[in-house]
Amino acid sequence: MADAAATAPDLLPERFAGWFEDRGWSPRAHQLDMVAKAREGRDALLIAPTGGGKTLAGFLPSLIELSERPPPNTPQGIHTLYISPLKALAVDVERNLMAPILQMGLPIVAESRTGDTGQARKQRQRVKPPDILLTTPEQLALFCAWEGARLYFENLKCVIVDEIHAIHASKRGDLLALDLARLQRFAPGLRRVGLSATVDDPDVIRRWLACASPAGQQDPPPPGEGDREAVEGVEARKKTSKSPSVGFAHSSPRGGASGRPEDTIDLVRGPPGAAPIVDMLLSEGRVPWAGHTAQHAMEEVYETIKTAKTALVFVNTRFQAEFAFQELWGLNDDNLPIALHHGSLAAEQRRKVEAAMARGELKAVVCTSTLDLGIDWGDVDLVIQLASPKGASRMVQRIGRANHRLDEPSRALFVPANRFEMLECQAAREAIAENRFDGDPARVGALDVLAQHVMGCACSEPFDLLALYDEVRRSGPYRDLPWEDFEQVVDFVSTGGYALKTYDRFRRIVKGLDGLWRVRNPQTAQRHRLNVGAILSPAMLTVRIAMGKSLRGGRKVGEVEEGMLEMLDPGDTFVFAGQVWSLVAVTGMEVLVRPATHKDPKMPSWGGSKFALSTFLAKRVRELMFDQEHWKVLPADVREWLEIQRDRSLIPKDEEMLLETFPRGKRHFLVVYPFEGRLAHTTLAMLLTRRLERLGAEPLGFVCNDYAMAVWAQQPLDGLDFDELFDQDMLGDDLESWLAESFMMKRAFKGCAIISGLIERRFPGEEKTGRQITFSTDLIYDVLRRHQPDHLLLRCARDDAATGLIDVARLGLMLARIKGRIRHAALDHLSPFSVPILLEIGKERSPGQTGERILAEAEGDLIAEALA
Amino acid sequence: MSALAQPRQPYAFGASPCGGLRTTLLGADVILRTSGALWIEQARMLVVADLHLEKGSSFAMRGQMLPPYDTRDTLARLAAEVAAAAPQAVVLLGDTFHDRTSEARLAEDDAQRLRDLAGLTRLIWVIGNHDADGPQTLPGEVADELTVAGLTLRHEPQAGLQPGEVAGHLHPCARVTASRGSVRRRCFVTDGERMVVPAFGAYAGGLSVRDQAFAGFFSRDPLCGALGADRVHAVGWRSVAGD
Chain D
1 MADAAATAPD
11 LLPERFAGWF
21 EDRGWSPRAH
31 QLDMVAKARE
41 GRDALLIAPT
51 GGGKTLAGFL
61 PSLIELSERP
71 PPNTPQGIHT
81 LYISPLKALA
91 VDVERNLMAP
101 ILQMGLPIVA
111 ESRTGDTGQA
121 RKQRQRVKPP
131 DILLTTPEQL
141 ALFCAWEGAR
151 LYFENLKCVI
161 VDEIHAIHAS
171 KRGDLLALDL
181 ARLQRFAPGL
191 RRVGLSATVD
201 DPDVIRRWLA
211 CASPAGQQDP
221 PPPGEGDREA
231 VEGVEARKKT
241 SKSPSVGFAH
251 SSPRGGASGR
261 PEDTIDLVRG
271 PPGAAPIVDM
281 LLSEGRVPWA
291 GHTAQHAMEE
301 VYETIKTAKT
311 ALVFVNTRFQ
321 AEFAFQELWG
331 LNDDNLPIAL
341 HHGSLAAEQR
351 RKVEAAMARG
361 ELKAVVCTST
371 LDLGIDWGDV
381 DLVIQLASPK
391 GASRMVQRIG
401 RANHRLDEPS
411 RALFVPANRF
421 EMLECQAARE
431 AIAENRFDGD
441 PARVGALDVL
451 AQHVMGCACS
461 EPFDLLALYD
471 EVRRSGPYRD
481 LPWEDFEQVV
491 DFVSTGGYAL
501 KTYDRFRRIV
511 KGLDGLWRVR
521 NPQTAQRHRL
531 NVGAILSPAM
541 LTVRIAMGKS
551 LRGGRKVGEV
561 EEGMLEMLDP
571 GDTFVFAGQV
581 WSLVAVTGME
591 VLVRPATHKD
601 PKMPSWGGSK
611 FALSTFLAKR
621 VRELMFDQEH
631 WKVLPADVRE
641 WLEIQRDRSL
651 IPKDEEMLLE
661 TFPRGKRHFL
671 VVYPFEGRLA
681 HTTLAMLLTR
691 RLERLGAEPL
701 GFVCNDYAMA
711 VWAQQPLDGL
721 DFDELFDQDM
731 LGDDLESWLA
741 ESFMMKRAFK
751 GCAIISGLIE
761 RRFPGEEKTG
771 RQITFSTDLI
781 YDVLRRHQPD
791 HLLLRCARDD
801 AATGLIDVAR
811 LGLMLARIKG
821 RIRHAALDHL
831 SPFSVPILLE
841 IGKERSPGQT
851 GERILAEAEG
861 DLIAEALA
Chain P
1 MSALAQPRQP
11 YAFGASPCGG
21 LRTTLLGADV
31 ILRTSGALWI
41 EQARMLVVAD
51 LHLEKGSSFA
61 MRGQMLPPYD
71 TRDTLARLAA
81 EVAAAAPQAV
91 VLLGDTFHDR
101 TSEARLAEDD
111 AQRLRDLAGL
121 TRLIWVIGNH
131 DADGPQTLPG
141 EVADELTVAG
151 LTLRHEPQAG
161 LQPGEVAGHL
171 HPCARVTASR
181 GSVRRRCFVT
191 DGERMVVPAF
201 GAYAGGLSVR
211 DQAFAGFFSR
221 DPLCGALGAD
231 RVHAVGWRSV
241 AGD
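Those protein sequence lines, which keep their order, are chains D and P. The first sequence: position 79 = 79 (this note's numbering), numbered continuously. The second sequence: position 101 = 101 (this note's numbering), numbered continuously.
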């Protein structure tokens, strides 16, 4: 890396150099590198840890360029577009950006625009664009669907995508990549800049960000012709010629047919920063057998909070957040200002907590992933992770929340809630120390998102089919999009893509005599614009305090996901927003509650976001477990637990899977330990129980957690052929027949139907509730599956379900890994490893204190039995 | 839940071999069939309500391209019912078409399916609010309402107690709760004197039987016949939750 001091004067104009000097700063090497890349007209990806002046590095070239621009006679349009995955981040960056602009007295207008921006300001921004616009992917998609988008962006010089690591591998990332390709078309000289936290493989992000066309031009159909004819003649044409792609003039030589797409994006790395100090809290040196709440360690957590200036206490689910918050307040004799922050709380309430934190008024905030991403909330000097982190990268992000000064180490404390989590925390500590991270799986752009984009393009201006195909393939996720898929998507957008061609007369987009496709009428375009975006949140119900006897809603307490309350009847009690409430009624989209008079909630938990254990971390846990030398770093009771497991049952080798069978009570158990996360295990259990039923083994039930899966039956299960039972062919017919009927397919289909525009979330003037959508998409799913099982949207839904909801991909890799490597231990009673999973049986069904007592007793018995 | 004294005698019902639920309606023997059709024994009559044919294309006209298979799906199920029950008459209890131009949008093979049905059995169209004109070209008799076996068949249920009325229009659905969770299903709803039958159409949505629209219809807490995969489940009012 070049010596910063030597190059600074060349790269930085005097005004900027002076500004750094006045603050007593010197520009960092990566900040100057970013300026140099801009001077060379190169696209760049900056990878730097939190606190490295990353945002400034991204904006510095634009600020310089704008400051050198001669005073314009006419408005020049947007110069730099900044995209952040979080609304709040866009607003926050606007604030931070104003400091250098004002302090240097630069003639630059920077404004944010999010879903929350007022109509007047939005209108003004359209008429009189700022120099720098800070916005979200959804707002950009909306821009791209407006008439006149081309004119609006034609002078765009630079686009900055922040927190790129958090968005690229998702449907939002697909949509953003498509819109970047569109912007590049409007402004061919546009320069792309990506800002990312440290990742395992930067090339994945570089490929996503690159605007290069696919290597070697994959048989594009010849230019000029329209669609139907082109469609029908595509096979013939493939043989004819390698015709040039249509009119995409890119100013710089990047993205040639040779070379890899990622090579068009220069990589700039920030300094690594001081290594974090990560400790593990072992309550009185002991780790509990099971559980997810870390209740045992709360007193010590509280004591640790006292020693910090401001602590962030991260948990994995909303339930854990509510629980930990209550526990800490129960211990809070010093009346410390401890707050709660999670996605179900009312937005105003969250804003209040954030503001108090920024003012340094809070001692601790218990939070979920809502505080994972880049906003600087005050002077955090300690991060506490309650229960396991589930992945190394997310943990590094969270640790980065503590201490935004690069040269000082961040401080973090892991609090494992059970023994497997203890192993996981240890593995995560070691990975962080070695600077190793979870890898992102390669992603192919989703077709439902493409459908939305194609419709958006038509709403903006007429398009040529082949030109659009060419443009779409200049976005990372769609680089290898086959022509047939594109064609199918366009047909879907136009007529629904049905084999039964009765909708041709109702086309949403039509081909004109000029050969261009355009939206059918302005109403259709308006309705599309109301439904732009690829964020699917479950329908949320508003929780309000019931007023008087009438069923009227008073103050808003927060929002809960629809479905959370399905198990509750009026009069039942539950914990929410740190209090115990009694359910009064559910009316339409509102949940009416009253403060509960007694404090034992009937339902202490509900599902929040639940992260799966990352493949990378799971592998490290298996390695740690297998390597007996390594056990020395573990606390005595965990070591003893592993030793007894080794003596009573066995410890599998790294790539092996342990399978135990044993009787207990009147039941016979089969327990496996694949360490692939709850989702994949649940899918495995669904498929396995079908097989066991077919074999006449009569399985009675199953239970899964992140580490293991247990099945039980009335008869012994140890005589089975396990290699055959776990054969990969279970992912064939068994999977298909289960999936077709499963609610997960219906849920995935609903998502695809909404994103693709088959179902509209919003009509002008009315909002469809989630419940209404649920009902109709299920009916549509059933009908479509019976009459056209190969329809585009069913394909999308299946892909989504397979990756997201049931993790089939991961299950497939696991089955391949353990093939011929199942180690069977036939035991005469349960093993130390099996205790945590057996303790999960019945846990979900016995809420309240009574259940806890029963469990406590059962736990004592089980442990005694395992150690006997 | 009503706190009023309830008539003490429980509802009398039994299973029929086809998975349906056998009960009486103002003394007439009826079977609530798994398909959502009502069988009136004495007249050997099959009653289906709210087919909403061409609802898919009605949405497509406005730019929402729902799969165009709803009409054939609905008619295929109706044909299967006719084949299984061999009725003397089929009563289409109103809202057979989703809108006034639906009939004109029918695909030719779907129109033929309806004509075939009319060839097999007496086809009676009771008209509803969505299709007040009745069929234009398709065969069958047209009626505002119909009296058979002491029962009055009409599309829209009338307010207050209406002993002997069989109606559709409301698309009744029940959310049934049990300890393991809850499901929402189309259902028949009856107090033994009148009945509202579920919608038969593939895309017809549903309205909770706990909705105000059903208030005052029944002389006591009604019984729901919820449509299951292969049988109709008799569900007490206590087990039916609001949405």
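Honestly, the hints are just simulated from the structure, not real lab data. Take these hints with a grain of salt, some might be off.
[What the hints assert, rightly or not] For the chain P half of the interface with chain D, some residues (derived, Cβ under 8 Å), not all of them:
#	residue
1	11
2	66
3	73
4	133
Heads up, the beta-carbon is just placed ideally off N, CA and C, and yes, glycines get one too.
query: Against which earlier hints does the structure fall short, listed by number upward?
result: 1 and 4
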